[in-house]
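Asks: The whole structure should be built from the sequences, with the hints applied where relevant.
So in UniProt numbering, the last spot in the sequence shown is 346, and the numbers never skip.
Keep in mind that the hints were calculated from the coordinates and are not lab data. Hints are supplied without guarantee of correctness; some may be wrong.
Computed Cβ-Cβ distance ranges for the label pairs, DEER-style [said to hold, decoys possible]:
| no. | residue 1 | residue 2 | range |
| --- | --- | --- | --- |
| 1 | Leu269 | Leu115 | 20 to 30 Å |
| 2 | Phe265 | Lys285 | 19 to 29 Å |
| 3 | His180 | Leu269 | 27 to 37 Å |
| 4 | Glu327 | Ser283 | 22 to 32 Å |
| 5 | Leu115 | Ile338 | 22 to 32 Å |
| 6 | Glu263 | His65 | 20 to 30 Å |
| 7 | Asp42 | Ala184 | 16 to 26 Å |
Cβ coordinates follow ideal geometry from the N, Cα and C atoms, glycine included.
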Amino acid sequence: MEKQKALTVITGFSLKDKCDVIRKLQRKNANNIRVIRFRPTDVKLVVHSAEDPFPLTHFVSEAVHHLEINTVSNLLTILEEECDNEHIDEIILDIYPISTFESLLGSFASQMKRLNYSPKAHIHILNARDFWFAYFSEHSIQTNELNSTPTLEYTLGEAFIHQLEHAGMIYLTNTEQLSHERLAELTVFIQNLQPNAVVERLHERVWRTENNNVGFDLEAANYLYSHQIELFSSRRNLNVIGQYGIETFVYQSNSPIDFSRLEDFFSNLPNEVFRMKGRCYHSSKQELYSISQVGSSIQVDTTLLPINSNHFLTEFLFIGSEMNHQEIERMLDNCLQITYAGKIAY
Numbered sequence: 001m002e003k004q005k006a007l008t009v010i011t012g013f014s015l016k017d018k019c020d021v022i023r024k025l026q027r028k029n030a031n032n033i034r035v036i037r038f039r040p041t042d043v044k045l046v047v048h049s050a051e052d053p054f055p056l057t058h059f060v061s062e063a064v065h066h067l068e069i070n071t072v073s074n075l076l077t078i079l080e081e082e083c084d085n086e087h088i089d090e091i092i093l094d095i096y097p098i099s100t101f102e103s104l105l106g107s108f109a110s111q112m113k114r115l116n117y118s119p120k121a122h123i124h125i126l127n128a129r130d131f132w133f134a135y136f137s138e139h140s141i142q143t144n145e146l147n148s149t150p151t152l153e154y155t156l157g158e159a160f161i162h163q164l165e166h167a168g169m170i171y172l173t174n175t176e177q178l179s180h181e182r183l184a185e186l187t188v189f190i191q192n193l194q195p196n197a198v199v200e201r202l203h204e205r206v207w208r209t210e211n212n213n214v215g216f217d218l219e220a221a222n223y224l225y226s227h228q229i230e231l232f233s234s235r236r237n238l239n240v241i242g243q244y245g246i247e248t249f250v251y252q253s254n255s256p257i258d259f260s261r262l263e264d265f266f267s268n269l270p271n272e273v274f275r276m277k278g279r280c281y282h283s284s285k286q287e288l289y290s291i292s293q294v295g296s297s298i299q300v301d302t303t304l305l306p307i308n309s310n311h312f313l314t315e316f317l318f319i320g321s322e323m324n325h326q327e328i329e330r331m332l333d334n335c336l337q338i339t340y341a342g343k344i345a346y
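Replies: What follows is the structure, given as structure tokens:
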């Protein structure tokens, strides 16, 4: 049977920190590694202030990549060619910060078995000092088609979260520049964003080969929401200590939502809410609305779903700092359609 090649994915916003990690992986692994940077040319960063969103990227002191690929189709072609290269045992794929990460993973998931790669690890490098700036940044990322017409725009924070919520290993850098309380607060927040990930300080990391082979599921983010709902609901009535002000809250209702009222709720979302996700089912249209909020940005995706597998027609989860649960619940209650004898009253 043909031996599978290992695939390690590296994400994060600091090119310098990612290069440092890649060098460590190259030194500690005896096998032959090919390092590829994926930097798509169909996306651009739209900067809304004079502040540089990637200040550390100007200080990359050493080239660690063997080649750079600019399109998904070319990347898949290169990966297929490397399958036949008996001198290469592992591919390290460095994803450029503003790449459309979710669509890239979708292409991987459909091709991975055919390409005979074994997902080894998804490592996300997180700059603890600049985390909140990136998370709440108003800078945006624009995706263009071949005709150069903008088709999608999302914030830097959304791109940041798409990468982080897929990761299985999260390494924190510049932790010494934060106080104990601020670092603990950040760590708790990250652990709530991605409860399945290992979170470590990069300078405390012991780079042993066996520690890096944790595996990762290309479709794991599809199950993250359900896992968070289960986890957050299980501690709903518990007084969890050591959270440094970071809280979670789950809202569930058997009543459908009124979407015009929900828009008003979004407009008045409390500042204490840092991350919100939700699912609302429209039974007459047989549509599921998946809602995602990061900072000031809210995205809604619609999926045709003949049967709602969830027990609730309206469901939201919240992660934030010292949130007023009763007020959020009251605001959402006012968005519901109340059913009486088969009829809906607004």
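Asks: Against each hint, give a clear statement of whether it holds in the structure.
Replies: Right, here's what the structure says about each hint:
Against the hinted window of 20 to 30 Å, the Cβ-Cβ separation of leucine 269 and leucine 115 comes to about 42 Å, which falls outside the hint. In this structure the hint that phenylalanine 265 and lysine 285 lie 19 to 29 Å apart at CB holds, the actual value being about 20 Å. Take histidine 180 and leucine 269: their Cβ atoms lie about 30 Å apart, and the range 27 to 37 Å holds. Range check, glutamate 327 to serine 283: about 28 Å between beta-carbon atoms, so the 22 to 32 Å window is met.
Against the hinted window of 22 to 32 Å, the Cβ-Cβ separation of leucine 115 and isoleucine 338 comes to about 52 Å, which falls outside the hint. At about 45 Å, the beta-carbon gap between glutamate 263 and histidine 65 misses the expected band of 20 to 30 Å. Between aspartate 42 and alanine 184 the beta carbon distance is about 40 Å. The supplied range of 16 to 26 Å is therefore violated.
In summary, the structure is inconsistent with hints 1, 5, 6 and 7 from the numbered list given earlier, while agreeing with the others.
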